[in-house]
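Peer 1: Please model the complete structure; the sequences and the hints are all you need to start from.
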Amino acid sequence: MFATDCSHPTDTRQRKDTQEQLRYAITPCPLGLLLMAASDRGLCALLFADDEQALIDELQARFPAGELQRDQAGLQDWLDAVLTQLQNPSRRADLPLDLRGSAFQQRVWQTLQTIEPGKTMRYGELAATLGSHARAVARACASNPIGLLVPCHRVVGADQAVTGYRWGVARKSALLAAERKSAGA
3 MFATDCSHPT
13 DTRQRKDTQE
23 QLRYAITPCP
33 LGLLLMAASD
43 RGLCALLFAD
53 DEQALIDELQ
63 ARFPAGELQR
73 DQAGLQDWLD
83 AVLTQLQNPS
93 RRADLPLDLR
103 GSAFQQRVWQ
113 TLQTIEPGKT
123 MRYGELAATL
133 GSHARAVARA
143 CASNPIGLLV
153 PCHRVVGADQ
163 AVTGYRWGVA
173 RKSALLAAER
183 KSAGA
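Take the position in the sequence shown, starting the count at 1, then add 2; the result is the number in my numbering.
Please keep in mind that the hints were generated in silico from the structure rather than gathered at the bench.
None of the hints are false.
Per label pair, the in silico range of CB-to-CB distance: (1) His135 / Gly186: 33 to 41 Å; (2) Gln112 / Pro30: 28 to 36 Å; (3) Gly126 / Gln23: 36 to 44 Å.
A virtual CB, placed ideally from N, CA and C, is assigned to each residue, including glycine.
Peer 2: Structure follows, in structure tokens:
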């Protein structure tokens, strides 16, 4: 998995006279529904919800200038790779990522990708690694548009409590349990 060099927010990539094309697909998964969206640079969103319209609304809110086009067939190989990772966390989906955020968010998201499946890191530990504060790290995790592949679910509370996941603590717990089981922990 790799990230393209997109360290600036979405707004700076848009010109007033152009509209970015984003392809997306939605599929059922063990965590409910999964929406995957891709720009011409790579995967720019991987979202979870229980309702298809909620997923589309979140995607449109994240990319207000984006022209959304459903493309199930065109994204099927990438969907299959993500679904395989959900079923077997040791088989990481190696997809190009189009990560968009502030320089600090980028640093957090890059660091998250170094946490091995089946392992966790406390918010405070991650903050210390980055020379920041736990709340800032938590906000960056909550802003992560690419669930699972940018594994913010691997960051836990000070007492190892499963807390604070953008797509719900139940999904975070399920992801962690599957990774522990796959890792033999």
